[in-house]
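Top line first, the protein sequences correspond to chains A and B.
Going by full-length UniProt numbering, the first sequence opens with residue 1, and the numbers climb by one from there.
Going by full-length UniProt numbering, the second sequence opens with residue 1, and the numbers climb by one from there.
In case anyone wonders, no lab produced these hints; they're calculated from the structure.
Virtual Cβ for every residue (Gly too), placed ideally from N, Cα, C.
Among the hints, a few may not be true.
Label-pair distances were calculated between CB atoms; the ranges are [stated by the list, open to error]:
| id | chain 1 | residue 1 | chain 2 | residue 2 | range |
| --- | --- | --- | --- | --- | --- |
| 1 | A | Gly120 | B | Val48 | 48 to 56 Å |
| 2 | A | Leu112 | B | Pro134 | 17 to 25 Å |
| 3 | A | Glu56 | B | Val217 | 38 to 46 Å |
| 4 | A | Leu112 | B | Ala119 | 30 to 38 Å |
| 5 | B | Arg224 | A | Glu114 | 30 to 38 Å |
| 6 | B | Ala119 | A | Lys131 | 40 to 48 Å |
| 7 | A | Thr13 | B | Leu88 | 56 to 64 Å |
Coverage of chain B stretches by chain A, computed from C-beta distances (three or more under 8 Å per stretch; other residues unrestricted) [stated by the list, open to error]:
| id | stretch |
| --- | --- |
| 8 | 123-134 |
| 9 | 139-148 |
| 10 | 219-230 |
Computed footprint of chain B on chain A; a stretch qualifies when at least three of its residues, placed anywhere within it, have a C-beta under 8 Å from a C-beta of chain B [stated by the list, open to error]:
| id | stretch |
| --- | --- |
| 11 | 73-84 |
| 12 | 136-149 |
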Amino acid sequence: MSLSVDIRHRLGTLNLHIAFQAPTGITALFGQSGTGKTTVVDAVAGLLRPESGHIELSGQILFDSASGRSLPVHRRRLGYVFQDGRLFPHMSVRQNLTYGQRFAALNKGPSLNEVTILLGLNDLLDRRPGKLSGGEKQRVAIGRALLSRPRMLLMDEPLAALDSARKAEILPYLERLRDQTDIPILYVSHSVAEVARLATTVVVLEAGRVVRAGRAEVVLSDPDMVRQLGVREAGAVLSATVRAHHADGLTELAFSGGRLFLPRMNIPERSPTRVRILAQDVLLSRVAPMGLSALNILPVHIIAIREGSGPGVIVQIQSGQDRLLARITRRSADAMELRTGDAIYAVIKSVSIARTDIGAG
Amino acid sequence: MSDWLGPTEWQALALSLKVSFWSTLLSLPFGILVAYALARWQFRGKQVLNGLVHLPLILPPVVTGYLLLLTFGRRGAVGGWLEDTFGLVLAFRWTGAVLAAAIMAFPLLVRALRLAIEAVDPKLEQAAATLGAPHWWVFATVTLPLILPGLIAGAVLGFAKAMGEFGATITFVSNIPGQTQTLPSAIYTFLQVPGGEDPALRLVAVSVVVAMGALLVSELLARRAARRVAGA
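Please model the entire structure based on the sequences and the hints provided.
Here it is, written out as structure tokens:
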């Protein structure tokens with residue numbers, strides 16, 4: 001399963017020309033608002049007809065302006081989870097969930113029971129959408145899309161309308177969707193935190209163009225992407241495994257570059273996790289620090305140094321197979337005489353890592 | 001009750017109910033189609049269609065009736081064809097009264113339906129399409145249930161208008177007791193003869209009761225449908 005998109009469209013004063021591939025896993029379309037993210041998803045779903053281009057899903061042409069072909073929306077079989085839920089108000093949750101089943105292919109796909117369990121919907125089945133909270137509505141919307149047995153899921157900012165508590169409630173379900181089903185997901189977001197937590201592939205949009213596309217770990221740890229992600233949001237994602245939960249409230253993770261101690265998290269031992277480490281939470285040191293309160297001191301070497309227009313520089317460092325970003329002042333970088341290839345130490349304060357930045361891997 | 005109204009009056013009431021029932025029922029599908037087209041589609045001549053639909057509301061009813069007679073009379077273009085092909089005669093028959101009532105009530109029906117359709121969020125219909133539902137199924141399962149309150153209101157309004165239609169009906173199908181003499185025609189006839197005030201007044205009372213009853217029933221149904229639609 002792989003989606004390939006190459007479309008051109010005029011959107012007000014913006015000339016979109018967007019081309020990318022979305023393999024299995026979660027492909028995040030990332031960009032500020034007004035960069036054409038929703039246009040792309042609507043075009044893939046068939047809700048919008050691009051002026052020209054080509055959209056193909058696993059060899060089947062969904063849209064092709066050259067031959068004038070465009071598959072009607074209802075025959076594309078793409079589950080769409082909208083930002084605003086769009087549940088049918090006159091139907092119960094159960095009727096909403098099963099709406100698309102009538103048209104779904106019979107062969108494979110999750111059952112109502114499986115989806116109910118996966119999304120924790122059991123107590124909601126007989127309720128009306130009007131009586132649901134925002135988070136519950138979005139879970140039903142996801143379940144409804146899943147039960148239409150789509151070949152791919154499209155999600156347009158499914159968490160944007162929710163407060164942070166509701167977001168935290170839904171994120172694990174999306175991780176399970178990513179890890180337990182083989183349905184590819186195209187996920188639109190302007191939140192770096194969401195992208196870091198969920199995406200396997202990241203496509204960065206800017207002013208109607210793709211400026212970067214690739215595996216999430218690579219794109220997120222690319223110092224050249226810091227401007228698009230925002231300096232405060234910039235940070236790399238580490239893949240790690242839970243090694244132990246310690247009695248003093250810390251969880252020990254193992255990753256390719258060594259060990260990390262983090263505040264205790266509710267993930268079973270030996271299971272894979274993803275941890276996002278913000279560039280501004282990483283300190284650099286020329287010598288192995290002694291007598292420091294920080295628990296995580298990693299030997300690393302410098303891959304790249306990028307200077308921005310401000311007083312800060314971004315240093316990309318390698319630890320084992322993983323890459324991290326550190327944001328320090330230019331003054332420090334000059335004083336330490338940092339050069340590409342230098343072996344130094346990175347210091348990460350355990351408690352600075354937000355609980356929401358730790359998720360299932 | 002049966003003594004209270006004379007046979008002519010009973011006939012007039014029964015005919016009016018029959019005419020209104022069929023005119024409402026038969027104009028509903030067309031009303032939904034036209035209202036949907038006006039609310040959702042962009043096409044050339046949309047304003048012309050809108051004008052045509054509303055014409056009976058503004059024209060003197062006697063003009064509408066005369067135009068119907070010209071078109072659907074036995075010598076009219078459509079009327080002659082209907083008689084030759086289906087053996088269906090409209091002029092001076094109760095079936096013609098159905099047509100006249102339907103045409104006169106159509107603007108009210110379409111207005112109510114159009115407002116209801118415009119109030120349905122097209123995003124819900126889009127969502128249904130992404131779940132694999134073809135157009136007609138989306139309409140039947142999403143649009144139609146959501147416009148139900150408006151549909152009921154429009155149908156009742158149309159029914160009440162059909163009950164009261166006088167000018168176009170009397171021009172097109174005349175005022176033949178037992179055949180085309182509807183409630184308003186009967187009231188008019190009674191008022192033309194000495195001593196007719198009493199039966200006329202009784203029919204006026206009946207009209208008021210039927211109209212009030214229809215409004216009450218529609219209000220109740222519409223409220224129930226609206227509760228369902230609101231998702232509460």
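For each hint, the structure was consulted:
Between Gly120 of chain A and Val48 of chain B the CB atoms are about 55 Å apart, so this pair conforms to the stated range of 48 to 56 Å. A hinted range of 17 to 25 Å holds for the C-beta pair Leu112 of chain A and Pro134 of chain B, which are about 22 Å apart. At roughly 55 Å, the beta-carbon separation of Glu56 of chain A and Val217 of chain B lies outside the given 38 to 46 Å, and the hint is violated. The supplied range of 30 to 38 Å is met by Leu112 of chain A and Ala119 of chain B, whose beta-carbon atoms lie about 31 Å from each other.
Checked against the given bound of 30 to 38 Å, the beta carbons of Arg224 of chain B and Glu114 of chain A, roughly 35 Å apart, stay inside it. Here the CB-CB span from Ala119 of chain B to Lys131 of chain A is close to 21 Å, at odds with the stated 40 to 48 Å. At roughly 59 Å, the beta-carbon separation of Thr13 of chain A and Leu88 of chain B lies within the given 56 to 64 Å, and the hint holds. By the rule of at least three residues with a Cβ nearer than 8 Å to a Cβ of chain A, the coverage given for the stretch 123-134 of chain B holds, with 11 such residues.
Here's how the stretch 139-148 of chain B fares: 4 of its residues keep a CB closer than 8 Å to some CB of chain A, so the rule of at least three is met and the hint holds. Three residues within the 8 Å Cβ limit are the bar, and the stretch 219-230 of chain B against chain A gives 3, so the coverage statement holds. Proximity of the stretch 73-84 of chain A to chain B, defined as three or more residues with a beta carbon under 8 Å from a beta carbon of that chain, is established by the 10 residues found. Only residues whose C-beta sits within less than 8 Å of a C-beta in chain B count toward coverage, and the stretch 136-149 of chain A has 3 of them, enough to reach three; the restraint holds.
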